[in-house]
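Visitor: Could you put together the complete structure from these sequences and hints?
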Amino acid sequence: MRLTQILYSRIGEWSKRYANLPERYIKRTMEQVYWRNPKGIQYKANTIIKRKKFHYTLDRPWSAQFYETNSPGILHPKVFVEPIKKWSFFKGDRVEILMGKDKGKQERGGVDVYIQEEEPLLVTDQVSLVDPSDLKSTGIEWRYTDSGEQVRVSLRTGRIIPMPATAEETIDYKSKSTYKEQPKDTIEKDVGEITFEPLLKTFEMDIMDKMGIREDRIPKKSYWY
Amino acid sequence: MSRLKYIYNHFCVINKNFTTKNALRNQFRFLSQTPSLRGLMEFFDDEKNWGESDVKSGRSWRKDDLRIKSNTDLHKLWYILLKEKNMLLTMEHEHNDQARLFPGPERIDKVIESMENLEEVVRERNRAYYELETGETGEQIEKEITGPFGLPVDYKLTEHSIPKEVNAQWQKEQEVKCRPEDVTNFLLKYKEKEYLANKRRQRRNFNHVIGLLNRFPKMDMEALKEQYPDVDIEKAKASRRYKPPPIFD
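For the protein sequence lines, the chains are A and B, in the order given.
First residue of the first sequence? That's 1 in my numbering, and the numbers climb one at a time after it.
First residue of the second sequence? That's 1001 in my numbering, and the numbers climb one at a time after it.
It is worth saying that the hints were derived from the structure and are not from the lab.
Source: prediction; values computed, not measured.
Just so it is clear, CB atoms sit at the ideal spot from N, CA and C, and this is done for glycine as well.
With a straight-line cut-off of 27 Å between C-alpha atoms, the simulated DSSO-like cross-links for lysine-lysine are:
#1 Lys1164(B) / Lys220(A)
#2 Lys105(A) / Lys91(A)
#3 Lys85(A) / Lys27(A)
#4 Lys221(A) / Lys1143(B)
#5 Lys1063(B) / Lys184(A)
Cβ pair distances, simulated, as ranges:
#6 Pro38(A) / Glu1222(B): 42 to 50 Å
#7 Glu193(A) / Thr1134(B): 29 to 37 Å
#8 Ile1080(B) / Lys176(A): 22 to 30 Å
#9 Pro1163(B) / Ile194(A): 46 to 54 Å
#10 Lys1083(B) / Trp14(A): 32 to 40 Å
#11 Glu1222(B) / Val151(A): 14 to 22 Å
#12 Pro77(A) / Phe1186(B): 35 to 43 Å
Guide: The structure is reproduced here in structure tokens:
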């Protein structure tokens, strides 16, 4: 269980948010099951043998290209991924490249784990955020404001680096307010409407009362074991 | 989508006979009270979406959205979601039959997620009622028992009309079919396998941490400790395989 949790958490949280897809769908499309235990008495019921090692590339894990690189039977050499505490680069952030030919250049970064140039860059030591006050690269720290909000603070000047407006962009909408409602969507007003009233009834009792169903029969004594 | 069109025409022919009079005579119950009764065509998606490459949809219903809704609303919403799920599964089946790509497959997951959330909210309400009135949750009791192989298994209590002392059939089902000495033997080997797998996992993590330390000398140690809590980092650094590259600053 722990292993699968680690595996799914490997897919960047922000990539998932950008794709605007439910977790269940990602899990379902990625899954490659080799064996399921048949029904019946088993010493380990519901055992599933499935692929555990995935090779993560720039392709989205739910895409056909990702399946192609990870199709059954194909294994890739192990990739060492540096553990980081909290992701602090977002789509639309101004970043400075600290390595290679483009060293010193400042770019607008994508949502990816890597910046999609000729070669992906590591966020840990190959790029850094740019302080908006003096447009120079800086290290950052996550801190809480007085209102309890988490913000990125420049280590050099101590100023807040604001979240880019494009960070909440997804594939379906630019921002939550500009979302175009689809024909089957429930409108926002109806979603927020409070119709709940507390009653000393179970769900079934309430529905039966509302629909005028009366049940006077006394059930026979039963045994639970 | 020629076959879809055929099915559509076919249903249109059937629908002519579906007058209210006929329906009443056949004791056909219209569950749906939507203004546009499309008959069996409700099993299919809107005709505008046929052959589309992508069908967009909003997010699923969350628990917090559902907690503020009345029981009647939840009851209605359940059937709306159920109908939508039936429709989507029909469409998916039809697309698979025709070897076409089903547009917006995540819609199925959104509907199922919503239904799961809805059920949980209804259960929450019922649990609150029963805990207040009887002091119990009122849900099916589940407990852990020792299975026929000597391993713990979950067992859900079920309702019977006669007590278990006189229920011969149930008692026969509960009979342990394994010899006790076999169970002991099996458990010994099973535990050994578990132990070895655990050891292997520990060793793999330990070696992985050494690999990380060798590759990323400026790594955040707290993040490493968080991700591999069972690895002793000092011990990994004392290993002869720990050869970090020199840092030039």
